[in-house]
Structure formats: structure tokens, C-alpha cells
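Undergrad: Now for the letters of each chain:
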Amino acid sequence: MADSREPPPLFNDDDDSRKDDDNDDLFTSAVQSPVSELTTPEDQTKQEGAGDPLTSPPPATSFPPDPSGGDRPDLFESCEEPSVGGFSSVPLEQPAEGGGTQQVSTDAQDPPPTPPTTPSVGSLVEIPLIVDTDQDLQPSTSSSSSLTRPDFTLFDTTPDTSETPVSSPDILSPPTTSNTSTSTTTSAQELSASPPSSSALLDLSMTLPQELSSEPPANLVDASSVEPAVMSSFITPAEEASVLDAAAPTNDDDDDAAAAAAIPTNLAGEDPALSSEEALVTVYDSETPEEVSLEDETDDGELFDPSSTPKLQLNQDPPLPASNILPPMGAPLTPPVAPITPTATPNLTPNVTPAAPTPVTPVAAARPSAEQLESESGDEFIEISISDPQKIGDGMSSYMAYKVTTKTNIPYFRKKHWSVTRRFSDFLGLHGKLVEKHLHSGRIIPPAPEKSAIGTTKIKLGSDKSSDSSSTDFIERRRASLERYMNRTAAHPTLRSDPDFREFIELDAELPRATQTSALSSAGVLRLFNRVGETVNKMTFKMDESDQWFEEKTQQIENLDAQLRKLHAAMEGLVAYRRELATSTASFAKSAAVLSSVEEHSALSRALHQLAESTERTHTIHHAQADADFYHLSETTKDYIHLIGAVKDVFHERVKTFQTWQHSQTMLAKKREAKAKAELAGRMDKVQQAQDEVAEWEAKVERSQEEFDRISRAIKKEMEQFDIVRVKDFKDMLVKYLEALMTSQQQIIKVWETFLPEARAIS
Amino acid sequence: MNGGRESEVLHFSWLHVDRVDMLVDELKFTMDETVQMAVDDARSGRSDTVDLNDSTLQVDISDALSEREKVKFTVHTKTTLPDYNKPEFSVVRQHEEFIWLHDRFDENEDYAGYIIPPPPPRPDFDASREKLQKLGEGEGSMTKEEFNKMKQELEAEYLATFKKTVAMHEVFLTRLAQHPIFRTDHNFKVFLEYEQDLSVRTKNKKEKVEGLFRSINRSTDEILLAATQKDVDDYFEKEKGFLLEYHAAIKDSTLKADKMTQAHKSVADSYIKLSTGLSQLGTIEGPRLEKFINKVSDTFEKARKVEGRVASDEDLKLSDTLRYYVRDGSAAKDLLYRRLRCLANYEQANKNLDRARAKNKDVHAAELAQQNACERFEHMSARAKEELNSFKTRRVAAFKKNLIELAELELKHAKAQAQLLKNCLQALQEE
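Just so you know, the sequences run in chain order A and B. In the numbering used here, each number is its position in the first sequence, counted from 1, plus 6. In the numbering used here, each number is its position in the second sequence, counted from 1, plus 13.
I should point out that these hints are in silico values taken from the structure, not numbers from a laboratory. Where a beta carbon is used, it is the ideal one built from N, C-alpha and C, also for glycine. One or more hints might be untrue.
[Said to hold, decoys possible] Simulated crosslink set (DSS-like; lysine-lysine; CA at most 30 Å straight-line): (1) 596(A) with 251(B); (2) 425(B) with 737(A); (3) 346(B) with 644(A); (4) 85(B) with 756(A); (5) 318(B) with 596(A); (6) 572(A) with 272(B); (7) 596(A) with 572(A); (8) 644(A) with 147(B); (9) 409(A) with 644(A); (10) 654(A) with 304(B); (11) 572(A) with 164(B); (12) 346(B) with 596(A); (13) 157(B) with 559(A); (14) 428(B) with 756(A); (15) 304(B) with 644(A); (16) 413(B) with 572(A); (17) 157(B) with 644(A); (18) 596(A) with 253(B); (19) 425(B) with 734(A); (20) 413(B) with 737(A); (21) 742(A) with 318(B); (22) 428(B) with 742(A); (23) 723(A) with 251(B).
[What the hints assert, rightly or not] Covered stretches of chain A, as calculated for chain B (at least 3 residues, CB under 8 Å): (24) 588 to 597; (25) 726 to 737; (26) 742 to 756.
Work out the full structure, taking the sequences as your base and the hints as a guide.
TA: As C-alpha cells, then:
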């Protein structure tokens with residue numbers, strides 16, 4: 007079993023982990039207990055599984071029956087992306103879950119007599135396939151009634167949910183449900199990629215899945231809108247039991263909607279997991295009502311019911327949930343599911359969409375609407391400080407956590423002053439999400455501090471005493487840069503009202519872990535590929551700039567970049583020399599102290615001793631000044647080098663939009679030509695087709711042109727702000743620095759003033 | 014002593030840099046204000062070792078010329094001593110001749126009881142040359158403005174080194190001239206008066222080997238004596254212990270102080286890049302920031318000059334004082350060794366006398382030798398005591414003077430810089 011499990015996890019891992027995360031909070035207690043030993047290997051695999059998405063496609067494709075098989079990879083990715091941010095938060099729990107899953111799988115095989123499972127026992131890898139096929143072939147086979155149901159529901163819900171958030175407001179169309187597998191995948195993709203499509207909807211959808219996946223029930227209450235969905239997703243496993251009992255039909259619909267929204271991430275994550283029987287088993291185990299109840303306490307009942315209901319509903323909605331249940335893993339992807347889904351979906355979707363808003367509100371009343379957020383006017387302030395860096399855990403799995411304290415008078419924050427704890431990768435995850443959502447619309451997103459493998463490793467491996475000055479330096483440097491990063495982001499009105507940002511600073515719980523930030527993760531590899539692609543694109547494509555403003559601005563940015571780099575090098579040099587001065591002054595002070603103790607002439611000895619003390623004090627002053635050099639000058643300049651990078655990204659984004667526009671135009675021209683040819687040839691049937699295509703491309707041209715205009719306008723606005731802020735920042739920086747220099751000089755004056763009488767006293 | 018100085022001119026040239034042709038022209042300087050100032054500094058630095066009231070023999074270096082590896086010093090003398098042909102005259106001497114003079118004193122048995130003034134260190138411009146070369150290589154990578162500033166800094170640095178070299182040589186001569194015994198030395202007279210080249214050649218191989226052999230011999234002897242010879246006089250025993258410790262401590266301090274001043278210099282130099290970098294940034298940023306940044310950039314440029322002054326003053330007042338007493342302390346140590354050697358000889362003579370008496374053979378010769386040795390030792394001990402005391406007085410006075418000056422200069426520079434920054438901040442606020 008163990009061996010067989012390993013391979014599936016590779017692509018499942020991410021999903022499992024997500025699922026785990028979701029479940030963890032709710033079911034942690036139950037899940038953990040079984041897991042303990044097993045978890046570790048899985049975790050490792052998960053980490054390495056980063057590459058999975060890439061690798062996963064082959065296995066996914068292996069499911070022949072599934073029409074969605076091709077889509078699967080997308081699902082995985084999509085799942086990952088939203089969930090990524092959250093992953094980090096649940097590290098402890100994850101292992102437990104993983105263990106749970108494994109155990110479950112074993113259990114599942116034994117207890118569930120389902121025909122598909124039994125054969126699979128020998129080789130797990132094959133099993134998933136078999137299951138799928140079975141489902142496809144026998145959609146109705148309900149061998150494992152209760153167990154299978156939850157899975158199914160999950161799948162069903164997932165498509166629905168994914169669609170629902172996006173579509174729910176406008177499009178709650180039943181057709182989507184029909185192609186559950188495909189629709190889910192697409193929806194997931196959209197969610198992950200969300201930015202380009204409907205902005206508001208997307209945002210909501212995005213946030214929901216992420217939050218849901220990441221947040222435990224406790225959070226739900228606090229967390230604004232997302233929570234309901236989360237609840238549903240979490241509940242799902244547990245729900246089955248409870249749902250069956252408690253779920254009311256009406257509620258179910260509402261719940262479903264909410265659940266659906268939440269589910270996409272979960273589902274996506276689960277799908278892979280599901281593919282392996284283990285995942286299913288785990289779900290069952292975790293689902294046990296008892297466990298849920300324990301964790302959730304009184305609230306759980308309600309929460310679970312709604313959440314569970316969706317699953318149950320799905321199951322329930324179809325007359326025979328049990329039969330479908332087995333396929334759940336494959337089901338979402340696989341066509342066999344379809345029979346179930348349509349039945350469930352039509353019911354769910356129509357109901358859900360209207361219901362969706364309602365469920366959310368009851369759970370989390372705090373949810374501020376997007377419009378409210380945007381409506382903020384000037385005179386508001388937000389100030390974020392990062393403090394109390396602390397190392398959590400031991401060895402390579404340890405990480406640094408920071409306290410993020412926010413002070414604000416902006417009304418859409420529920421408090422004026424509060425703190426949360428975040429780990430470093432959360433910050434990166436936040437940045438990733440913001441870039442994903444806002445870069446395409448031409449916003450300059452302040453870059454997050456870079457990951458430093460060396461510094462981090464040092465800290466991780468360093469003993470707890472960590473008295474090592476270099477690592478404390480490193481931590482302080484990182485703390486300061488995180489603080490600058492957060493305040494830069496918060497200074498941007500759009501970014502600070504982004505749900506992800508607000509969740510980041512407000513949610514008093516761990517965020518789901520951001521696996522994407524790891525360089526070794528699949529996302530990291532993907533990013534690398536993308537970056538290479540972009541670079542090639544940047545190099546090969548020279549935009550024929552029509553806008554003079556942009557032409558000048560681009561040039562200015564280039565110059566600025568070069569100059570800032572030069573300046574930064576000069577500052578680094580200054581810092582290094584000043585540090586050297588400080589240390590050499592200190593060593594001279596020591597040496598002078600020795601000399602004074604040797605000196606036999608008492609007055610001279612005293613003066614020398616005084617000299618030693620004076621130089622010791624100047625050492626401190628130089629040292630402080632070196633820090634000022636560094637934090638005031640060097641770091642700010644470095645930040646701006648990175649910010650310029652972000653500006654370039656935005657510019658490039660515009661170039662890309664331009665490219666699509668150009669492409670549309672050439673295509674349109676071609677189509678027109680084709681149409682003209684057809685007309686000349688007098689082939690009316692073709693003319694009609696060509697006419698349609700022309701119209702289609704005309705629309706596309708129009709759209710892309712609008713997009714281009716929009717992004718150009720947005721960038722201009724952004725740059726205006728950027729210029730203002732930059733000038734101000736630089737002025738502040740220089741003034742602060744000069745003040746620091748002056749303070750140093752004044753201190754030096756004092757030092758020598760006290761020394762002078764001693765020198766005069768030598769006789 | 015300070016008369017007739019106004020006409021001094023220092024000439025330099027940089028003939029040993031590869032890219033010289035281009036650079037040399039630019040790097041020629043004649044004495045400007047700063048040089049004058051530095052020379053004054055150097056003079057005041059040495060005045061502590063000179064009794065200004067004693068005008069029987071006044072020696073200074075009125076001019077110096079750097080030519081390739083060689084530095085030619087013009088030694089100017091004013092005297093009332095009847096031995097000299099003229100009351101005032103000048104000769105040209107090179108570093109090697111100074112060393113020759115020192116060795117004459119060092120080898121003279123008559124002077125064994127005195128602290129021989131330490132010889133001046135070899136002129137060493139390698140560091141400056143190296144930097145200049147680097148600067149020449151890196152010329153392409155920086156702006157003209159930056160290059161010029163860096164070059165100026167280097168020139169100033171070179172000038173400072175040069176002046177220090179001159180000062181060291183002068184101090185050596187003035188100490189000899191001021192010493193009641195040394196100043197009547199015949200070799201010294203020759204050195205000061207003989208108008209031709211003394212044709213001191215650098216030691217040939219054989220002499221070098223001999224010298225090496227001698228010094229090894231001597232140092233083993235020194236170690237042996239230090240270990241075996243028990244001093245009869247507590248004063249010298251104590252003094253020996255002190256000087257050993259002191260020498261080690263002050264040597265270390267000198268090293269550290271040098272590092273410190275160097276780092277300080279580097280800090281000052283890095284302001285150059287900062288300043289030019291900022292002003293270029295201002296140009297790119299345009300009117301919104303340009304004026305503001307230019308003010309800051311100017312301030313950095315001025316601050317850099319102040320910082321540079323701080324560094325060179327620390328070097329002059331602190332490092333150089335320490336450095337000089339490393340060498341003077343070493344000379345005092347030599348004196349103690351010579352005395353100890355003398356003591357050992359004396360005891361040996363005693364032993365010989367005892368043996369001669371026991372054998373009743375050559376008693377008279379032994380007695381004579383013993384008496385001689387005794388006299389020598391007594392005489393030497395008395396001299397040495399005086400010398401060590403004067404060494405102490407000299408040291409304390411020099412430290413006092415230089416430490417006060419150091420503190421005053423540090424204060425002056427720090428105040429200037431604080432004021433500069435304050436003005437700048439005010440100007441910025443007014444914007």
C-alpha cells in the first residue's frame with residue numbers, strides 16, 4: 007500500500023494537502039490522531055510535489071473515460087493557486103491529515119466493499135483509474151453508499167461552487183452544471199486566472215475559495231464573506247453523516263451555493279486526492295460527525311448542516327447518491343458523474359445563486375461589499391507595523407512568524423487597532439495574489455521582499471539562542487522590509503481594499519499555506535517558465551509606441567533604474583566602509599585600553615583610558631550611523647529598484663495587451679479578405695460564415711482596443727501617483743538621513759568635549 | 014627655526030605609474046594652501062621634540078623633491094657652533110644617507126649609553142601609486158566629475174604621505190641637533206656640511222648577509238641575556254619589563270589606529286560616489302526633485318571634505334604619534350640591551366679577575382679589565398637612566414600635545430559638519 011500510495015500523492019498531494027487544510031481546522035482532532043506517523047512522508051512528498059502539477063498531467067490524462075482528463079491539470083493548477091496562499095497556515099495539521107488520509111485509504115479498502123476498490127488494493131495507482139472507469143461505466147453503482155456519497159457531493163459541489171461564485175450573480179445557468187467536470191475545471195481556471203474576466207465577480211470568487219480553504223470554522227465567524235463557503239467546504243466530509251440527518255432541503259440549497267463557492271478550491275484539491283482511494287477514505291474518516299462536533303462545538307451544528315447540506319444535497323438531490331458516491335474522485339472530472347451532476351446541479355445552481363448571498367451574510371455579517379470598499383475617500387490613514395519576529399518549529403521545517411499590527415481609521419476595517427500573526431511566505435503569497443488580480447489592470451504592485459535561501463537556512467539551522475549577530479541582522483532587515491512592503495501596499499487605495507489584503511491583515515488565524523512561493527514548487531517552476539517566456543517576448547517584441555507619454559516614461563524609467571542601481575552600489579559601499587570604520591574603531595578602543603593599562607605615567611594613562619572610552623563611544627556612533635546608512639538610504643533605494651521592476655511589469659502588461667489588439671486586427675483583416683474572396687467567388691454559404699467571423703473579430707478588436715486604452719489610462723494614473731510618492735519618499739529619505747548624520751555629529755562633538763579636559767590634564 | 018620657510022616648495026612627480034604620461038601632467042602640483050597647512054602641521058608636530066630656546070644648531074628640511082624611487086631632501090642648517098665653516102648652509106641628502114648617519118651613531122661605542130634617535134622610515138608611495146593605477150584603470154567606469162574628485166583625493170593623499178616622510182626625516186635630524194652629545198658628532202657634521210654626495214651606497218650582498226648575521230646574533234644574545242642575566246638594579250629591571258610590554262601594546266595600537274583612519278578615509282571617499290550619484294539622479298528626476306537633490310548632493314560633497322580632513326588629522330595626530338613612539342620605544346629597548354650586554358661583560362670581567370687571582374696569573378691585566386668594565390657599566394647606567402627619564406618626559410609631552418590637538422580638531426570638524434548639515438536641512442525645509 008505504502009508504495010502504491012506514494013506515486014498518486016505526487017499529483018494528489020497538493021490536493022490532499024488542501025483538502026487537509028480545509029478539513030484540518032474542522033476535523034483536526036479526528037484526523038490527527040490516526041495520522042501521526044504517516045504524515046511526515048506525505049508532507050515531504052507534498053513539498054516536492056510542487057512539481058506535481060506539471061508532472062500530474064500524465065496521470066490525469068490517464069483517466070481515459072474522463073472527458074475532463076485533459077482539463078485536469080488545469081484544475082490542479084487552479085486549485086493550487088487559490089489555495090496556495092493558505093497552505094502555509096496549516097503545517098501542523100497537514101501532516102495529521104495526510105496520515106489520516108493514508109489510514110483512511112487502508113480502511114476504505116477494507117470496509118468499503120465497493121467492487122472497484124477491492125481490485126485496486128494491489129496497486130493504488132491503478133485503482134483510481136479503475137474507479138473512474140467503473141463510475142463511468144456504472145454511474146449508478148452505489149456499492150459504498152455512505153462513503154461514496156461525500157466524495158460525490160464534493161465533486162458535484164465543486165463544479166457548482168466554482169461556477170456559482172463567478173456565475174451566480176449573473177449566470178446561474180443550468181447548462182454549466184450539465185458539464186460538471188469541464189465546467190468545474192474551467193471555473194477553477196478562471197478563478198485562478200480570474201483577473202481578466204469579470205472583475206468584481208472574480209474578486210469575490212477568488213477570495214471565497216481561498217479564504218474558505220484556508221479558514222477554520224472559528225475564522226468563519228470572524229471572516230467576512232468567505233466563511234460560509236469555507237464552512238461548507240470543510241463540513242463536507244463531516245457533513246455527510248450529519249447532513250443526512252440534519253440537512254433541510256431549503257437550507258441545503260443555500261448552503262450549496264455557499265459551499266459551491268467555497269468548494270472550488272477544495273474540490274480541485276480533492277479531485278486528485280480523490281483519484282486515489284485514500285483520499286476518499288480520509289474524507290470519510292474525517293467526516294465522522296463526532297469529530298466535527300467536537301471541534302466545531304455548538305456552532306458546528308449549524309455550520310455543518312449548511313455546509314454538509316450541499317454535499318448531502320448533491321447526493322440527496324440525485325435520487326441515489328450512494329451509487330454515484332464511489333466515483334467522486336474521478337467523478338468531477340469524469341463524464342460518468344455527469345448524470346448525477348445534472349440532476350444535482352440544476353437544483354443547486356438555480357437555488358444556489360440566489361441563496362448564495364444570503365448564506366454568506368448570516369454567517370459573516372462583517373462582509374463589506376466591494377463597492378463600499380472602493381467608496382473610501384481621502385483623509386484616511388492606515389499604518390502597519392511588523393514586530394516580534396519569532397522562530398517557530400525546528401530545523402528545516404521551521405519558519406519565522408511576524409506580528410502584523412494595523413492601526414487605521416478606514417471604516418471598512420472592523421477595528422482601529424489590532425494584530426495578527428503571519429509567516430514570511432504569507433507575505434509572498436499575498437503579493438502573488440495581488441499581482442494575479444491587479445497587474446493586468448495596470449496597477450503597480452509593490453514587490454514583496456525577496457526570499458533569501460541562505461539567510462533563511464542559517465536561521466533555520468541556527469540554534470535557538472540565535473545570538474548570532476548576522477542572523478539577527480538578517481531578521482531585522484527582513485522585518486523592516488516587510489514593514490515597508492506592507493505600508494506601500496496599504497498606501498494604494500485599490501490594493502488595500504482588496505479582500506485578500508484585508509484578509510491578510512485582519513483575519514485572526516493562520517492563512518492557508520502559500521506553497522507557490524517556494525522556488526521548488528511546481529508553481530515556482532511554472533513561474534520560471536513564464537518568466538523566461540516573458541523575457542523572450544520582451545526582447546523580441548518591440549512595440550511601435552504611439553503614445554509619446556509612454557515613450558518618454560519608459561525611457562525615464564530605464565534611466566532611473568540604471569541610476570538607482572548605481573546609487574545603490576555607492577550606498578552599499580558607504581555602508582560597508584562605515585561598518586568597517588565602526589569595527590576598526592572598536593578594536594582601536596580595545597587596543598588603547600591595553601596601552602593605557604601599560605602606560606606608567608599616571609596622567610597619561612588616564613588620558614589614554616579616556617581616549618579608549620571616547621573611541622568606544624564613537625564606535626557606537628559609527629555603528630548606528632552605518633545602520634542609518636543602510637536602513638534610510640540603501641534599503642529605500644533598493645526598494646525603489648524593485649518598484650521600478652514592478653513598473654516595468656506594468657508597462658509590459660500594456661505591451662501584451664497591445665499585442666493582442668494587434669493580433670486581433672490582423673486576424674480581422676484576414677477574415678475580411680476571406681469574406682471578400684468568398685463574395686467574389688459568389689459562394690454565399692461561405693460568405694455567411696465569413697461574415698460571422700468578421701463580426702466576431704470586429705468585436706474582439708474592439709474589446710482588445712478598449713482593454714488597451716483602459717490599461718494605458720490606468721497606468722498613467724498609477725504613474726502619476728508613483729511619481730508623487732517617489733519624490734516624497736526620496737525627500738523624506740534624504741531629510742531623515744541628513745538628520746541622522748547630524749545627530750551622529752552632535753554625539754561626536756559631545757564625546758570629544760568630554761575627552762578634551764582629560765587630555766589637557768596630562769602633566 | 015621657522016624663519017625663511019615661506020619660500021619652500023615641494024615638488025613631486027609620479028614617474029612610476031604606467032599610465033603616467035596621461036596622469037602625470039595632471040598630477041603635478043606645487044605647494045598650495047593645503048600643503049602649507051600640512052607642513053605647518055608637520056612642523057608643529059615635531060616641535061615638541063625640539064628645544065626652541067637652543068639655537069646653537071638648527072636643522073630643518075627646507076625642500077624635498079620626489080624623483081622616481083628617490084626623494085631628495087634639502088637639509089638646511091643654521092648654527093653658531095665654531096666647528097662649522099659657515100653659519101648657514103644647505104645640502105641635498107637622500108634617504109640612504111640618513112640611514113648611514115643613523116648607523117654611525119648606532120655603531121659608535123661611545124653612544125652606547127644613549128637612546129639613538131630612531132631612523133626615519135623609508136619613503137613609501139607604493140600605496141598611493143597603486144591606488145592611482147587602479148583609478149586610471151577604472152576611469153572608464155565613472156563620470157568625469159567623479160574621476161576628477163577621486164584624483165584630487167589621491168593627490169591629497171599622496172601629498173600627505175610625502176609630507177609625513179619629510180617630517181620624519183626632519184625629526185630625526187632635529188633630535189640629533191638638539192642632543193648635547195650627538196650634535197658635536199663628526200659624522201653628523203659631515204652629513205650637514207659636506208656639499209657633495211656622501212656616496213653612500215646601499216649595502217652590497219656581503220654586507221647584507223653580514224648585517225643579517227649580526228642582527229640574528231644580536232637578537233639571540235638579547236634573548237639569552239634577558240633570560241639569564243639578572244639585573245642588579247631594580248630600576249632597570251622594571252624599565253625593561255615596561256618597555257617590552259609597552260612596545261607590544263603601542264605597536265598594536267598603531268596598527269589599529271591605521272586601520273581606523275584608513276576606514277575613515279574610505280568612508281569619506283564613498284561620499285563622492287554618493288554625491289555624484291545623487292546629482293545624476295536629480296537630473297533624471299527632473300525639476301520636482303532636482304533642486305532638492307542637488308542641495309543634498311552639495312552637502313555630501315562638503316561633508317566628504319570634512320570627513321577626509323578628520324581622517325587625515327586622526328592619522329597625523331594619533332597614528333603618527335603612536336608610530337613614532339613605537340620606534341622610539343624600540344630605540345630605548347636597544348639601549349637597555351646594550352646596557353645589559355655591558356653588565357654581562359662586567360660580570361664576566363669579575364669572574365676573570367677571580368680566576369686570575371686564584372691562579373695568581375695575569376692579575377693586573379684582569380684587574381684593569383675589571384675596572385674598565387665596571388666604569389663603563391657605571392657610566393652607562395647613569396646615562397641610560399637619564400635617557401630613559403627624558404624618553405618618558407618626551408613621550409608624555411608629545412602625547413599630551415597631540416591628544417589635545419586631536420580632540421580640538423575632531424571637535425572642529427564635527428562642529429563644522431553638524432553646522433553644514435543643519436544649514437542644509439534648513440534650506441531643504443524652506444523649499
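Undergrad: State the violated hints by number, sorted upward, taking the hints as numbered earlier in the document.
TA: Per hint list: 3, 4, 7, 16, 19, 20, 23 violated.
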